[in-house]
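What the sequence shown shows, in our numbering, is residues 717 to 832, in sequence order.
Calculated from the structure, these hints are not laboratory results.
Only a predicted model underlies this, so the values are computations on that prediction, with no experimental measurement involved.
Every residue gets a Cβ at the ideal spot worked out from N, C-alpha and C, and that includes glycine.
Any given hint might turn out to be false.
[Claimed, not checked] Lysine to aspartate or glutamate pairs mimicking EDC-like chemistry, simulated, CA-CA at most 20 Å apart:
1. K809 / E761
2. K828 / E761
3. K788 / E824
4. K757 / E827
5. K809 / E827
6. K788 / E749
7. K737 / D817
8. K737 / E749
9. K797 / E722
10. K737 / D765
11. K758 / E775
12. K803 / E728
13. K828 / E721
14. K778 / E749
15. K758 / E770
[Claimed, not checked] Using C-beta positions, here's what the derived DEER-type ranges look like:
16. S819 / K797: 29 to 37 Å
17. L825 / E721: 32 to 40 Å
18. K757 / L807: 32 to 40 Å
19. Q771 / N800: 20 to 28 Å
20. D725 / K821: 16 to 24 Å
21. K767 / I822: 27 to 35 Å
22. D731 / D817: 29 to 37 Å
23. S819 / Q756: 19 to 27 Å
24. L825 / G727: 18 to 26 Å
25. N818 / R726: 15 to 23 Å
26. C746 / E827: 27 to 35 Å
27. K816 / K757: 12 to 20 Å
28. E749 / V783: 32 to 40 Å
29. G727 / D817: 32 to 40 Å
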Amino acid sequence: TKCCEEWHDRGEAVDPLILIKSRYSAFAYCLPEYIIATTQKKGPEWQSDTKAWEQELLEFSKTYGFVHDRRKLGAIIEECKYQNDNKATLLFKALMLNNKDNSGKIVELWEKSTVV
Numbered sequence: 717t718k719c720c721e722e723w724h725d726r727g728e729a730v731d732p733l734i735l736i737k738s739r740y741s742a743f744a745y746c747l748p749e750y751i752i753a754t755t756q757k758k759g760p761e762w763q764s765d766t767k768a769w770e771q772e773l774l775e776f777s778k779t780y781g782f783v784h785d786r787r788k789l790g791a792i793i794e795e796c797k798y799q800n801d802n803k804a805t806l807l808f809k810a811l812m813l814n815n816k817d818n819s820g821k822i823v824e825l826w827e828k829s830t831v832v
């Protein structure tokens, strides 16, 4: 957590690239409070029942592996376009392992997000 610890402790990130990477590591270290704190309240992912949402995030973190000794996992930024100093659109993929079936297969999730 050293590289993102500062952002996790603050509950925010100063840059869209740091935000994506720190959110990925928050899943890896089971820090749902950071995911919730860095989700836009007017966005489609926001859930008003934060207790239930926190449980969902913890379950997700347990279902997938985010760290592996021999495989490259993480959030990979494919594209970042700044609209202004406070807004950017990012295309990224998150690589993780599926822990449910013990297959060791990498799961690749793609997302396009607008970060404000």
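Evaluated hints:
1. K809 / E761: The given pair, whose Cα atoms are some 17 Å apart, holds under the 20 Å limit.
2. K828 / E761: Given that 20 Å is the threshold and the Cα spacing comes to 13 Å, the pair holds.
3. K788 / E824: holds (12 Å)
4. K757 / E827: Holds: K757 and E827 sit about 18 Å apart, inside 20 Å.
5. K809 / E827: The given pair, whose Cα atoms are some 6 Å apart, holds under the 20 Å limit.
6. K788 / E749: violated (26 Å)
7. K737 / D817: violated (26 Å)
8. K737 / E749: Judged against 20 Å, a Cα distance of about 16 Å means the pair holds.
9. K797 / E722: Answer violated: K797 to E722 is near 25 Å, above 20 Å.
10. K737 / D765: violated (25 Å)
11. K758 / E775: violated (24 Å)
12. K803 / E728: holds (15 Å)
13. K828 / E721: It is violated: about 25 Å lies between the C-alpha atoms, which goes past 20 Å.
14. K778 / E749: Within the cut-off at roughly 15 Å; holds.
15. K758 / E770: Holds. K758 to E770 sits at ~18 Å (cutoff 20 Å).
16. S819 / K797: 29 to 37 Å: Distance hint for S819, K797 holds at roughly 36 Å.
17. L825 / E721: 32 to 40 Å: Hint violated: Cβ distance 24 Å, outside 32 to 40 Å.
18. K757 / L807: 32 to 40 Å: Violated - the Cβ-Cβ distance for K757 and L807, about 23 Å, lies outside 32 to 40 Å.
19. Q771 / N800: 20 to 28 Å: violated (36 Å)
20. D725 / K821: 16 to 24 Å: violated (34 Å)
21. K767 / I822: 27 to 35 Å: 31 Å Cβ-Cβ, so the 27 to 35 Å window holds.
22. D731 / D817: 29 to 37 Å: Holds - the Cβ-Cβ distance for D731 and D817, about 36 Å, lies within 29 to 37 Å.
23. S819 / Q756: 19 to 27 Å: Hint violated: Cβ distance 34 Å, outside 19 to 27 Å.
24. L825 / G727: 18 to 26 Å: holds (24 Å)
25. N818 / R726: 15 to 23 Å: For N818 and R726 the Cβ distance comes to about 36 Å; the hint is violated.
26. C746 / E827: 27 to 35 Å: violated (20 Å)
27. K816 / K757: 12 to 20 Å: violated (31 Å)
28. E749 / V783: 32 to 40 Å: violated (20 Å)
29. G727 / D817: 32 to 40 Å: About 34 Å separates the Cβ atoms of G727 and D817, which means 32 to 40 Å holds.
Checked against the numbered hints above, the structure breaks hints 6, 7, 9, 10, 11, 13, 17, 18, 19, 20, 23, 25, 26, 27, 28 and satisfies the rest.
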